[in-house]
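*Asks:* On the provided structure of chain A, position chain B as indicated by the hints.
There are 2 protein chains.
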Amino acid sequence: MIVVLRLGHRPLRDKRITTHVGLVARAFGADGMVLTVRDDKIKEKLDDVTNRWGGNFFVEFSDWEDYIKRWKGLKVHLTMYGLPIDEVISEIRKYKDILVVVGAEKVPSKIFKLVDYNVAIGNQPHSEIAALAIFLDRYFEGNQFKRDFKGKFRIIPSNHSKIVFVKNRR
Amino acid sequence: MIVVLRLGHRPLRDKRITTHVGLVARAFGADGMVLTVRDDKIKEKLDDVTNRWGGNFFVEFSDWEDYIKRWKGLKVHLTMYGLPIDEVISEIRKYKDILVVVGAEKVPSKIFKLVDYNVAIGNQPHSEIAALAIFLDRYFEGNQFKRDFKGKFRIIPSNHSKIVFVKNRR
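Protein chains in written order, with our numbering: chain A, -4 to 165; chain B, -4 to 165.
Extracted from the complex, chain A is given alone in its bound form (with noise of 0.2 Å):
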């Protein structure tokens, strides 16, 4: 199982981002992600994609020292100062349980030791969405894009239109 662990999300000013990391979350094949603030705006939002598009992702909030403590499998934390993804993405692709930690801006400096990895995508600055997507994709390598969501909606690719198949219900 792998879920995602959202740090530091605040309602207002967060909405768009963690809306962003949960549907990254989802599509790039994790399980479920955890918020560390209640916000059942997102999660709304997020179990009207999983309805519509299919699979299983599911939105709990927790607080997240708890979490990481009880967490069983591999923690791994995304950060621009970690170690760089494609000299530990072997090593961390034995495990099946990982538990993904992303933050925002700021994150408690106490994460960087209550996880077994720091893992940079790029020592660079950018985006938590962008290193979610990449960790994801590093750790299925690219299967995740072949997966059938099974959904109501299914998208039949294209280079000209938008053609989008849905199915009846009955």
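Treat the hints with caution; some may be incorrect.
List of simulated lysine-lysine pairs, DSS-like, C-alpha gap at most 30 Å [to be verified]:
| no. | chain 1 | residue 1 | chain 2 | residue 2 |
| --- | --- | --- | --- | --- |
| 1 | A | Lys91 | B | Lys162 |
| 2 | B | Lys147 | B | Lys162 |
| 3 | B | Lys141 | A | Lys101 |
| 4 | B | Lys38 | B | Lys147 |
Rather than coming from a laboratory, the hints here were simulated on the basis of the structure.
*Replies:* Same frame as chain A, now just chain B:
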């Protein structure tokens, strides 16, 4: 030259998302970002990152239709409706001058016809930030992370610490 054209930016609502688009463009090897709406705060923020962290990333403003029509190289639009990235990237990699168009929630349907390729980073809804990151990562085959930005600030990768090297100015 790789330029990212960010469509449909609304200064209040999209401030942080567009900033992340720009940061990813810069960190993943693009040369600049063009916004279709003037927003000096975004430009300031990105110029500030470039001043501290290095490189030559530019931010400009232009009418989108104009910019697309004047572009001499390849035009690629990232969209969940497009062709799978892994089917088209080796063809796209033959080009050196690429305009990468990324939209917000709604994009004018005209775009689909104006570009050479509509490319999907998976056919599930997620994030233009993640889509851009994966596109550039596939295009540069991961080598973007090896680039030396020669900035004033530089991170020394580490598994459990934050180490920033700051170049002395004379």
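*Asks:* Next step is simple, just say for each hint if it's right about the structure.
*Replies:* The hints, checked one at a time:
1. A:Lys91 / B:Lys162: This hinted pair is violated, its Cα atoms lying about 41 Å apart.
2. B:Lys147 / B:Lys162: 5 Å, holds
3. B:Lys141 / A:Lys101: 25 Å, holds
4. B:Lys38 / B:Lys147: Satisfied, since the Cα-Cα distance of roughly 19 Å is no more than 30 Å.
When held up to the earlier numbered hints, the structure conflicts with hint 1 and nothing else.
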